[in-house]
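Keeping their order, the protein sequence lines are chains A and B.
Under this note's numbering, the first sequence has 130 at position 130, and the numbering climbs by one with no breaks.
Under this note's numbering, the second sequence has 9 at position 9, and the numbering climbs by one with no breaks.
Hints were generated in silico from the structure; no laboratory data involved.
Glycine residues also receive a C-beta, built at the ideal position from the N, C-alpha and C atoms.
It is possible that some hints are incorrect.
What the hints assert, rightly or not - Chain A regions said to be covered by chain B (calculated; three or more residues, Cβ under 8 Å):
#	segment
1	21 to 34
2	38 to 47
3	101 to 115
As the list claims (entries may be wrong) - To give an idea of the chain B side of the interface with chain A (calculated C-beta under 10 Å), a few residues:
#	residue
4	I16
5	L28
6	S90
7	V162
8	V169
9	K210
10	L212
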Amino acid sequence: MVCMEIARAGKRLTARDAGLVACRRCARVWPMGQARCGRCGSHLESRDARSLQKVWAWWIAGVIAYIPANLYPMLKTNTLVSHTENTIIGGAVELAHHGSFGVAAIILIASVLIPVGKFLAIAFLAIGARRGSSVPPRTRTHMFEIVEFIGRWSMIDVFVVAILSSLVQLSVVASIQPGPAAMTFALSVICTMLSAQAFDPRLIWDAVRRQQPRKTS
Amino acid sequence: MTTETLARTTPEEAAIEDLIACPHCDALYLAQMPAKGGRAVCSHCHTVLIAPRTKAGKKMIALTLTVMILVVAALFFPFLDINAGGIGNSTSILDAASSFRSGYMVFLSFLVAAAIIFVPLLRTVLILYVLIPVVRDRPALPHARRAFRLSQELKPWAMAEVFAIGCAVALVKVQDLAHIGFGPAFWMFSALVILVLINDNFLCTWSVWKSLELEND
Numbered sequence: 001m002v003c004m005e006i007a008r009a010g011k012r013l014t015a016r017d018a019g020l021v022a023c024r025r026c027a028r029v030w031p032m033g034q035a036r037c038g039r040c041g042s043h044l045e046s047r048d049a050r051s052l053q054k055v056w057a058w059w060i061a062g063v064i065a066y067i068p069a070n071l072y073p074m075l076k077t078n079t080l081v082s083h084t085e086n087t088i089i090g091g092a093v094e095l096a097h098h099g100s101f102g103v104a105a106i107i108l109i110a111s112v113l114i115p116v117g118k119f120l121a122i123a124f125l126a127i128g129a130r131r132g133s134s135v136p137p138r139t140r141t142h143m144f145e146i147v148e149f150i151g152r153w154s155m156i157d158v159f160v161v162a163i164l165s166s167l168v169q170l171s172v173v174a175s176i177q178p179g180p181a182a183m184t185f186a187l188s189v190i191c192t193m194l195s196a197q198a199f200d201p202r203l204i205w206d207a208v209r210r211q212q213p214r215k216t217s
Numbered sequence: 001m002t003t004e005t006l007a008r009t010t011p012e013e014a015a016i017e018d019l020i021a022c023p024h025c026d027a028l029y030l031a032q033m034p035a036k037g038g039r040a041v042c043s044h045c046h047t048v049l050i051a052p053r054t055k056a057g058k059k060m061i062a063l064t065l066t067v068m069i070l071v072v073a074a075l076f077f078p079f080l081d082i083n084a085g086g087i088g089n090s091t092s093i094l095d096a097a098s099s100f101r102s103g104y105m106v107f108l109s110f111l112v113a114a115a116i117i118f119v120p121l122l123r124t125v126l127i128l129y130v131l132i133p134v135v136r137d138r139p140a141l142p143h144a145r146r147a148f149r150l151s152q153e154l155k156p157w158a159m160a161e162v163f164a165i166g167c168a169v170a171l172v173k174v175q176d177l178a179h180i181g182f183g184p185a186f187w188m189f190s191a192l193v194i195l196v197l198i199n200d201n202f203l204c205t206w207s208v209w210k211s212l213e214l215e216n217d
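The whole structure should be built from the sequences, with the hints applied where relevant.
Below, the structure is given as structure tokens:
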């Protein structure tokens, strides 16, 4: 630990306790009330009061977009003999039938497990920030970091559709067209990424500090 | 020095520009540069606050330049080619990005092009613009702070490495439909992905912000 902790009367201090407002982008602190960070120009807010509202708004939009993403086809494949339309799950099942379990697993993880996991994790974080939670705040902060890091990997399926539909254009022999689900799936991923970005992780720690104001370590 | 003695520092004793607040939990610290290769970690939530590397600036510039050359090169060479029943087709990254042509799907084309080409490229330009003067001990160029902030804000939207994994998945999906070959751009893109990942781990944003602050004041 190289940074010196700042304390007042033996209690660990937050920027807000010290009457300061911290910049979430560059970590510089400023006197409370300053509107913009003088170093990086980011908008400053000691606690973003509307953070949770924004989180829920993007979250709901993401969930709504995720429903048609699973119902409509992602890929339309035309070959000489057949015409097939695959949804996300249908495509993965077909891959597994062909024996490519690894790729089927990648698709299922990136397009089903990660999005659903993200919806649950963000909802859990947002509820925990308001009502408190029995899960330690450090674990929840980690969870937030994972959600932020992993969000973009859900785009994998959209890219697969893009690659396939530009590559497989062999006139009558075989051609692949993107389905409407590609669009709603991309929207859903973007909404969840914005939802995670709107979350202010300092709220996790505020709820804990409210519950045990005297606790020092 | 132990944390016990350090904990006596009160906010009133410290100059405001020497303070650093954890962006995840708002804990306040007196910032001190850790030894090269060392890291300063928030003792509350274990977020890495400062992580300087030896000659990080020069390495960053070298890596970023390489990334830029690779992205541009990968754009114009054929990426993948396909062969089935005597009919062949080869596709470049630009083709893949513009594969969503019909109606509202065009939006998706813009999105894919942005995520795999424009945003990564823009980030490299911005980072070079900011870092080159810093490394050469020259005053920062105009709007360097705004440029660096933009490069940080764009970070989650640069998805070149996600696209690369998408390629691998796409290859397996069509392997029994047709024969697939790799173009030169494919290998460039693979190298690119590794570089992008290394690059992001090299950059200690706090150190850059610190140097930008000194430059302009």
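Here is how each hint holds up against the structure:
Counting residues of the segment 21 to 34 of chain A whose CB falls under 8 Å from any CB of chain B gives 10; the rule of at least 3 is met. Look at the segment 38 to 47 of chain A against chain B: 4 of its residues bring a Cβ nearer than 8 Å to a Cβ of that chain, three or more, so the hint holds. Restraint check on the segment 101 to 115 of chain A versus chain B: 4 residues with Cβ-Cβ distances below 8 Å, three needed, restraint holds. For I16/B, the interface hint holds, the least distance from its beta-carbon to any beta-carbon of chain A being 6 Å, beneath 10 Å.
Taking 10 Å as the C-beta contact cut-off toward chain A, the hint placing L28/B at the interface holds, the least distance being around 4 Å. Of the supplied interface hints, the one on S90/B holds, with its beta-carbon coming within about 8 Å of a beta-carbon of chain A, less than 10 Å. Look at V162/B: its Cβ gets to within about 5 Å of chain A, closer than 10 Å, so that hint holds up. At a threshold of 10 Å, the smallest CB-CB gap from V169/B to chain A is about 5 Å, leaving the interface hint in force.
Checking K210/B against chain A by beta carbon gives a least distance of about 9 Å; that is within 10 Å, so the hint holds. About 7 Å separates the beta-carbon of L212/B from the nearest beta-carbon of chain A, less than 10 Å, and the hint is met.
Checked against the numbered hints above, the structure violates none of them.
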